[in-house]
Amino acid sequence: MSRISNVFQKDGRKALIAYITTGYPSMEATLKVAPLLAEAGCDIIELGIPFSDPLADGVTIQNATHQALLNGVTVKKCLEAAGQIRRKVSVPLVFMGYLNPILHYGPEKFCADCAKAGIDGLIIPDLPPGELPALDDSAARHGIDVISFLAPNSSDARIKEVSGKAQGFIYLVSVTGVTGVRKGLSSDLKGFIARVRQATDLPLCIGFGISSAEQAAQAAELADGVIIGSRIIQLMEDGQKSYKKLREFLGEVRHGIGG
Amino acid sequence: MLPDEKGYYGPYGGRFVPETLIPALDELAAAYIGIKDDKQFWSRMEILGHDYSGRPTPLYFAEMLTRHCGGAQIYLKREDLAHTGAHKINNALGQGLLAQKMGKQRIIAETGAGQHGVATAAVCAMLGLKCVVYMGEEDVRRQSLNMFRMKLMGAEVRPVSSGSQTLKDAINEAIRDWVTNVGDSYYLIGSVVGPHPYPLMVRDFQAVIGRETRRQVLEKCSKLPDYIVACVGGGSNAIGIFHPFIGETEVKLIGVEAAGDGINTGRHAASLSRGKPGVLHGALSYLLQDSDGQVMETHSISAGLDYPGVGPEHSYYKDNHRAEYVAVDDLECLDAFQLLCKLEGIMPALESAHAVAHAVKLAGKLDRDKIIVINLSGRGDKDTGIVADALGVTL
Ligand SMILES: Cc1ncc(COP(=O)(O)O)c(C=O)c1O
Numbered sequence: 005m006s007r008i009s010n011v012f013q014k015d016g017r018k019a020l021i022a023y024i025t026t027g028y029p030s031m032e033a034t035l036k037v038a039p040l041l042a043e044a045g046c047d048i049i050e051l052g053i054p055f056s057d058p059l060a061d062g063v064t065i066q067n068a069t070h071q072a073l074l075n076g077v078t079v080k081k082c083l084e085a086a087g088q089i090r091r092k093v094s095v096p097l098v099f100m101g102y103l104n105p106i107l108h109y110g111p112e113k114f115c116a117d118c119a120k121a122g123i124d125g126l127i128i129p130d131l132p133p134g135e136l137p138a139l140d141d142s143a144a145r146h147g148i149d150v151i152s153f154l155a156p157n158s159s160d161a162r163i164k165e166v167s168g169k170a171q172g173f174i175y176l177v178s179v180t181g182v183t184g185v186r187k188g189l190s191s192d193l194k195g196f197i198a199r200v201r202q203a204t205d206l207p208l209c210i211g212f213g214i215s216s217a218e219q220a221a222q223a224a225e226l227a228d229g230v231i232i233g234s235r236i237i238q239l240m241e242d243g244q245k246s247y248k249k250l251r252e253f254l255g256e257v258r259h260g261i262g263g
Numbered sequence: 128m129l130p131d132e133k134g135y136y137g138p139y140g141g142r143f144v145p146e147t148l149i150p151a152l153d154e155l156a157a158a159y160i161g162i163k164d165d166k167q168f169w170s171r172m173e174i175l176g177h178d179y180s181g182r183p184t185p186l187y188f189a190e191m192l193t194r195h196c197g198g199a200q201i202y203l204k205r206e207d208l209a210h211t212g213a214h215k216i217n218n219a220l221g222q223g224l225l226a227q228k229m230g231k232q233r234i235i236a237e238t239g240a241g242q243h244g245v246a247t248a249a250v251c252a253m254l255g256l257k258c259v260v261y262m263g264e265e266d267v268r269r270q271s272l273n274m275f276r277m278k279l280m281g282a283e284v285r286p287v288s289s290g291s292q293t294l295k296d297a298i299n300e301a302i303r304d305w306v307t308n309v310g311d312s313y314y315l316i317g318s319v320v321g322p323h324p325y326p327l328m329v330r331d332f333q334a335v336i337g338r339e340t341r342r343q344v345l346e347k348c349s350k351l352p353d354y355i356v357a358c359v360g361g362g363s364n365a366i367g368i369f370h371p372f373i374g375e376t377e378v379k380l381i382g383v384e385a386a387g388d389g390i391n392t393g394r395h396a397a398s399l400s401r402g403k404p405g406v407l408h409g410a411l412s413y414l415l416q417d418s419d420g421q422v423m424e425t426h427s428i429s430a431g432l433d434y435p436g437v438g439p440e441h442s443y444y445k446d447n448h449r450a451e452y453v454a455v456d457d458l459e460c461l462d463a464f465q466l467l468c469k470l471e472g473i474m475p476a477l478e479s480a481h482a483v484a485h486a487v488k489l490a491g492k493l494d495r496d497k498i499i500v501i502n503l504s505g506r507g508d509k510d511t512g513i514v515a516d517a518l519g520v521t522l
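First to last, the sequence lines map onto chains U and P.
Okay, so the first sequence: first residue is 5 according to the working numbering, each after it adds one.
Okay, so the second sequence: first residue is 128 according to the working numbering, each after it adds one.
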């Protein structure tokens with residue numbers, strides 16, 4: 005049983021998954037905030053690997069990853085940071101990054117180094133399941149889950165196909181669109197989740213646009229977990245000063261989706 | 128016949144996109160298969176190609192340029208005479224008609240030099256479709272005339288201020304728009320790049336250039352050309368003229384990339400000459416990237432070639448040596464631009480001037496019975512300001 009699957013074994017408890025960009029606003033901040041997230045009740049931490057062309061991201065994460073690149077963050081530094089965070093927290097760590105830096109690093113070496121650093125899974129927004137078997141093989145060899153996406157416009161056939169290959173949990177995109185803070189949840193979310201639920205018993209987590217405790221609570225009622233990214237990045241903008249606000253926000257979310 | 132059913136040309140191509148776009152690409156691929164043998168669709172293409180775009184474009188014997196070089200005979204395939212001033216109209220028309228057939232009301236496009244944006248704006252005006260064009264701020268500055276042309280034809284132009292503010296960033300933004308409005312919008316990409324089926328579709332719509340060239344050169348010279356030379360940004364005008372000759376290995380195919388400040392300066396846009404395979408904008412292909420796999424900023428005097436990626440089919444032809452890829456720098460391009468103006472009274476687009484520059488170098492080394500066809504992909508009116516600047520002339 006992978007560390008990610010274990011998260012979803014606790015009876016009925018909804019998972020809270022938090023995204024931060026590695027090296028934003030600084031590497032120091034990443035190393036401090038990751039343990040804070042775990043203490044505040046996050047069950048999985050996503051560490052973003054910055055990329056020059058983040059085409060699935062809205063402005064908030066675009067700006068954060070751009071700043072991280074200006075700070076000199078590389079794939080190697082992300083792996084080092086993951087290793088340091090792994091020594092401080094026991095929750096699963098997942099890398100979220102675009103394909104090209106991983107390809108350039110070499111899929112096999114990347115997965116081997118991820119395993120060494122204590123990374124449990126990979127989320128690659130521009131890699132549809134099955135498009136790069138070499139990466140799937142390397143990930144499997146090193147015990148790393150490759151997380152798959154589904155979107156509200158995914159066909160039933162596609163849902164079946166992706167569910168068959170999925171590992172860990174399935175990342176359900178709440179809306180057709182890019183990452184970013186949004187006001188409400190999409191009204192057809194319910195039907196979408198029901199369609200996926202019919203096809204698989206895997207845990208389902210909803211992300212993209214969730215930015216308040218109320219939205220998180222609504223989403224958690226429909227699924228097994230919620231993923232929050234852009235809102236956390238916004239709360240980190242002020243560096244050290246914002247840690248208190250971040251802790252409060254996560255406390256509200258944790259409360260909202262059930263302790 | 129390439130690509131395979133998953134959109135691969137050897138190891139290159141594929142569909143590396145967010146999941147939200149997978150249904151849209153499936154829908155597009157199905158629609159494209161639907162029109163492949165649809166006589167009505169292709170007859171409409173042909174009629175509009177003729178009456179609207181002005182096809183066939185002439186094949187012109189450049190006698191003065193030939194004499195100047197003192198070697199091979201140089202012919203120009205005059206895509207500069209096509210409506211809106213470049214080969215881009217062939218693809219815009221084809222995809223515009225396809226979008227209309229699919230019932231899409233809103234068209235998204237990106238543009239670098241502005242030629243694809245103008246062609247798309249024109250087709251959308253003619254077909255009554257709403258048109259949104261993304262254009263990098265840097266390109267808005269250097270191609271302001273085209274920006275205005277698009278607006279006159281009713282397109283909404285959205286300047287893009289992220290990243291290097293050029294073509295690459297305009298494509299990022301166009302894809303973000305498409306992911307968001309995937310239900311009612313059609314992404315009309317401007318070159319043989321992007322996820323499958325775009326490289327295939329755009330090639331098929333541009334192959335009219337090569338088919339006409341083949342017929343015209345046989346008529347005029349009673350033999351096939353020895354060389355075909357075309358500039359390569361994303362690679363659509365090059366693939367378009369190469370495609371009908373791929374099986375005829377005696378015809379040498381040469382793609383010319385932008386060497387910017389110089390191929391060894393690191394400030395260029397020569398993806399095939401200096402890049403490594405990587406994934407950008409949905410396909411695996413040669414890509415200019417740094418030691419960490421971050422996409423590099425490119426440099427070229429020509430906005431249309433200022434792109435770090437290239438179509439996957441070109442990557443395949445580079446590796447199997449069916450085509451040769453060379454690079455021409457900004458100064459050589461400017462010389463060729465002026466040379467063609469002076470000798471032939473034809474002002475090429477700066478993109479096309481790269482092909483002219485290489486052909487001029489090549490022609491002098493060849494015998495007089497050899498034939499070179501240059502794909503003159505566009506006209507240079509849009510570039511007069513840039514050229515004046517580069518030559519230190521105040522207009
Ligand atoms: C006149 C002209 N030629 C060539 C290009 C480069 O594109 P491609 O390589 O797809 O033909 C452009 C692009 O804007 C162009 O405007």
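Keep in mind that the hints were calculated from the coordinates and are not lab data.
By construction, the Cβ of each residue, glycine as well, lies at the ideal position given by its N, Cα and C atoms.
Check the hints yourself; a few may be wrong.
[As the list claims (entries may be wrong)] Dumping the calculated BS3-like pairs for lysine-lysine here, alpha-carbon to alpha-carbon at most 30 Å:
no., chain 1, residue 1, chain 2, residue 2
1, P, LYS347, P, LYS228
2, U, LYS113, P, LYS133
3, U, LYS80, P, LYS278
4, U, LYS194, U, LYS169
5, U, LYS81, U, LYS120
6, U, LYS92, U, LYS164
7, U, LYS248, U, LYS187
8, P, LYS133, U, LYS164
9, P, LYS257, U, LYS187
10, P, LYS379, P, LYS163
11, U, LYS187, U, LYS245
12, P, LYS257, P, LYS379
13, P, LYS403, U, LYS113
14, P, LYS350, U, LYS120
15, U, LYS120, U, LYS36
16, P, LYS228, P, LYS166
17, U, LYS80, U, LYS169
18, P, LYS469, P, LYS347
19, U, LYS81, U, LYS249
20, P, LYS350, P, LYS497
21, P, LYS403, U, LYS81
22, P, LYS133, U, LYS169
23, U, LYS245, U, LYS92
24, U, LYS92, U, LYS14
[Claimed, not checked] Some chain P residues flagged as far from chain U (calculated, every beta-carbon gap over 10 Å):
no., residue
25, PHE143
26, LEU175
27, LEU224
28, VAL259
29, ILE302
30, VAL309
31, ASP331
32, LYS350
33, PRO371
34, ASP462
35, CYS468
[What the hints assert, rightly or not] Ranges between beta-carbon positions, derived for each pair:
no., chain 1, residue 1, chain 2, residue 2, range
36, U, LYS249, P, PHE168, 54 to 64 Å
37, U, GLU112, P, LYS488, 42 to 52 Å
38, U, SER191, P, GLN232, 15 to 25 Å
Evaluation of the provided hints:
no., hint, result
1, LYS347(P) to LYS228(P), "violated (38 Å)"
2, LYS113(U) to LYS133(P), "holds (27 Å)"
3, LYS80(U) to LYS278(P), "violated (46 Å)"
4, LYS194(U) to LYS169(U), "holds (23 Å)"
5, LYS81(U) to LYS120(U), "holds (14 Å)"
6, LYS92(U) to LYS164(U), "violated (38 Å)"
7, LYS248(U) to LYS187(U), "holds (23 Å)"
8, LYS133(P) to LYS164(U), "holds (19 Å)"
9, LYS257(P) to LYS187(U), "holds (27 Å)"
10, LYS379(P) to LYS163(P), "holds (29 Å)"
11, LYS187(U) to LYS245(U), "holds (25 Å)"
12, LYS257(P) to LYS379(P), "violated (41 Å)"
13, LYS403(P) to LYS113(U), "holds (18 Å)"
14, LYS350(P) to LYS120(U), "violated (63 Å)"
15, LYS120(U) to LYS36(U), "holds (21 Å)"
16, LYS228(P) to LYS166(P), "holds (14 Å)"
17, LYS80(U) to LYS169(U), "holds (28 Å)"
18, LYS469(P) to LYS347(P), "holds (25 Å)"
19, LYS81(U) to LYS249(U), "holds (27 Å)"
20, LYS350(P) to LYS497(P), "holds (10 Å)"
21, LYS403(P) to LYS81(U), "holds (22 Å)"
22, LYS133(P) to LYS169(U), "holds (18 Å)"
23, LYS245(U) to LYS92(U), "holds (22 Å)"
24, LYS92(U) to LYS14(U), "holds (22 Å)"
25, PHE143, "violated (5 Å)"
26, LEU175, "holds (32 Å)"
27, LEU224, "holds (24 Å)"
28, VAL259, "holds (16 Å)"
29, ILE302, "violated (5 Å)"
30, VAL309, "violated (5 Å)"
31, ASP331, "holds (23 Å)"
32, LYS350, "holds (44 Å)"
33, PRO371, "holds (31 Å)"
34, ASP462, "holds (33 Å)"
35, CYS468, "holds (37 Å)"
36, LYS249(U) to PHE168(P): 54 to 64 Å, "holds (58 Å)"
37, GLU112(U) to LYS488(P): 42 to 52 Å, "holds (43 Å)"
38, SER191(U) to GLN232(P): 15 to 25 Å, "holds (22 Å)"
Figure legend: structure checked against the earlier numbered hints; hints not met, in rising order: 1, 3, 6, 12, 14, 25, 29, 30.
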